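Asks: Since chain U is already given, all that's left is putting chain P on it; use the hints.
There are 2 protein chains.
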Amino acid sequence: MAKLTTRTEDYSKWYNELVVKANLAENSGVRGCMVIKPYGYAIWEKLQAELDKKFKETGHQNAYFPLFVPKSLFEAEEKNAEGFAKECAVVTHYRLKNDPDNKGKLIVDPDAKLEEELIVRPTSEAIIWSTYKNWIQSYRDLPILINQWANVVRWEMRTRLFLRTTEFLWQEGHTAHETKEEAVAEAKQMQEVYTEVVENFMAIPVVKGYKTPSERFAGADDTYTIEALMQDGKALQAGTSHFLGQNFAKAFDVKFVNKEGKQEYVWATSWGVSTRLMGALIMTHSDDLGLVLPPKIAPIQVVVVPIYKTAEQLEEIRQVVGKFSSELKAKGITIKFDDDEKYKPGWKFAEYELKGIPVRIAIGPKDLEKGQVEIARRDTLEKQFVALDEVSDKVETLLEEIQTNLYQRAFDYRKDHTTEITTYDEFKDVLENKGGFISALWDGTEETEEAIKNETKGTIRCIPMAFEIPTEGVDFYSGKPAKFRVLYAKAY
Amino acid sequence: MAKLTTRTEDYSKWYNELVVKANLAENSGVRGCMVIKPYGYAIWEKLQAELDKKFKETGHQNAYFPLFVPKSLFEAEEKNAEGFAKECAVVTHYRLKNDPDNKGKLIVDPDAKLEEELIVRPTSEAIIWSTYKNWIQSYRDLPILINQWANVVRWEMRTRLFLRTTEFLWQEGHTAHETKEEAVAEAKQMQEVYTEVVENFMAIPVVKGYKTPSERFAGADDTYTIEALMQDGKALQAGTSHFLGQNFAKAFDVKFVNKEGKQEYVWATSWGVSTRLMGALIMTHSDDLGLVLPPKIAPIQVVVVPIYKTAEQLEEIRQVVGKFSSELKAKGITIKFDDDEKYKPGWKFAEYELKGIPVRIAIGPKDLEKGQVEIARRDTLEKQFVALDEVSDKVETLLEEIQTNLYQRAFDYRKDHTTEITTYDEFKDVLENKGGFISALWDGTEETEEAIKNETKGTIRCIPMAFEIPTEGVDFYSGKPAKFRVLYAKAY
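First to last, the sequence lines map onto chains U and P.
Under full-length UniProt numbering, the first residue of the first sequence is numbered 1, with each subsequent residue one higher.
Under full-length UniProt numbering, the first residue of the second sequence is numbered 1, with each subsequent residue one higher.
Just chain U, same shape as in the assembly:
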């Protein structure tokens, strides 16, 4: 098995090689669209299940809305339409016919032109709010708390596996409320849910913050974001939750009779995370040997590789493994016994390192004699011998340790790569040479934000919720009085 390009050699190349070789995803024959391969999809399924559980615990129900948005609905909310019009797939015809000039080939049938074009959803606010209009008459119909698992399409010009693809998978929550306060609380609650899952389940520390107006979702009054820091010092927006105000209610004329008997526009939120999180997972924990998975999200948490020469030895190993294996299964731990004869142990070791299995157990004839196994942890690559009757407890503890260690490692990296600056020279130096988050004062103007972005590619990732509004100090770029302390970074 050829080794991966190392991260220091070429981070971007390392990423692509890892994604393909670890069987996570690959590019397809369709421009910008990926194939999510079984191993990648198994990780995504575990993440889906965890998110779905949290959504249901917070009172949401799943539903499904159409893939297509008729153009007249698409354009109804002007800012939203403007935000997505430049990158949308448009269905114009509903039939192909035989090409009269070219046997065996098909052409678009000009007689099957749609009266109104259909946009393949880049996001579903338009289709959903045109539906909610019929569902909402009175305050009794509120709140509506719905989530949808779906595919969406945004015609991106430069694509990267998981990070930016023309089609991607996501969930999108769309809620409707009586009051502004309730909608804001919902949007913040979902930011909190995302934080919990991304931090506790994926072991990725995030910064919770507000997006600046220029970085908000098209059609939102406020966007709450969680921002993660990748190993190469670039930031990645891991999830967003939007307070949509009454923008969609007004665009689709969705009113309700309130408790006082008066007509009011409905308040809205929407929130989503996508297969992009797979990219964040990879770029937070992995190393030059391949993927490193936090145990909670790993489809296989423990792999056992038997080392043997004879069928008798294998049988003996199988019996010994069977005992702790069923103990581990009883604890809810996923374990695989790999007795595939097509590959040698060394090949398997490398393969499971590439695939990021958190714990690997090796056991051979000598171990049998000594009544032990060798346990290797993927995060630190440390190995130790463990007595057979202690394997089950040891592995359980180790999985918890790995989960904690991966989070802590990423947290420490972020801490080391968050730099407070006061001058533009410092800013450029850190952005170019060290990377990471740059904590700085901002005057709150789009001009400053835009100028810095154009000059350096550094963008304001968020106004962290944990930061106090500064009472004094000046913007490091404009010299004007500061309004916010923000985090800048180059971003995916």
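Calculated from the structure, these hints are not laboratory results.
Derived lysine-lysine pairs resembling DSSO-like cross-links, with alpha carbons at most 27 Å apart:
#1 K86/U with K105/P
#2 K56/U with K342/P
#3 K103/U with K250/P
#4 K133/P with K342/U
#5 K234/U with K490/U
#6 K457/P with K483/P
#7 K234/P with K188/P
This one's a predicted model, so the numbers in the text were calculated from it and none came from an experiment.
Replies: Showing chain P alone in chain U's frame:
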């Protein structure tokens, strides 16, 4: 709550009303596309989970392939292309722009025309086999056993909620094998898996059979089907599994080196069930009061309606219910306590009948005195009083009884509506007046099949696997020697 149109008045109207009023689905603003509402989606999720479990138990893994099929791939397998070309959504552009003549409106940007049109997948053989080509070199790469949960689009002219919609949700399995025998065995295995889930989980009896050549999937060498009979005497194809031969391997040039070192084309299957099964579920069990759900697929299996006048009474009821409720939950039974004050018990009774909740428990002050509850079963509408300490065991037994009874009821209906005929007059009489399956001899020719279809709308649903090949007898229509005993019916 207005009552449903009855089934005898207008079966089709009853169906549509039930689907909408029970919050299963509704038509959307997009032609032919439905919105699957939360309650309908919750049922679909339970079915998905059951199917997914069975797929994994039989060695399959999930993956995800692109929504779009470039035209050149779409047309590669000729029969498949021919079968779907007439009803496919075609993406021709990737951008909208502002309409210069109409402020606030958008038009398709003619400068953003795709070089090659993209078809929204009606099924994924083409995109998947163009991918498998890169995954398969040797027999060591086989079998590939993959399933995908996805949305697909077929431009149907006449649509019905769940039964026939432009966009629908489904799963599609796509497998690749070394030998013909292995592929045939896989296709039959999946027909068996579908049978198990549809019969045991959905309580819908099915006939397993082969499709006639004219009814096969476009591109298949053989299609195995499961056929169900609806309450109105019409048949419904509930799931199909296809032996695809080497058709797609040849179209996409997918060869492998076999164990003898020789190049061979790969053998294939595909198989799918869709949200159409929701229609089968509704039309198998429901009645004039609404949906009737088999307990195994019901998102809520038991509902408790408290009857009270004072807060003290409600509190007392809550305590009594709490006890058997936690016993039921411990048994894995889903139970809802409905203390919503906005609605009266009578309204709730009707609502839960409409929604098909298998068991309803009512409890009021008199019941408290007597230490009992009233239990009503949805399938027979029978009620009985049960002592409080027997509720948990009684409900558990009752749920099993309801599941069995619903299957048996549907089975008996089908038995009563399967008629063997020997003359065309009998055939037409049964088809028009009694409905159901018609068992008859067929000469095996497409001419006979086609003529009967055109004259009567009766089609051959399948050649049941349970039927022996007849050694004598003649086709009731053509008088020619019979080749098969088949089942005819009008079909959804």
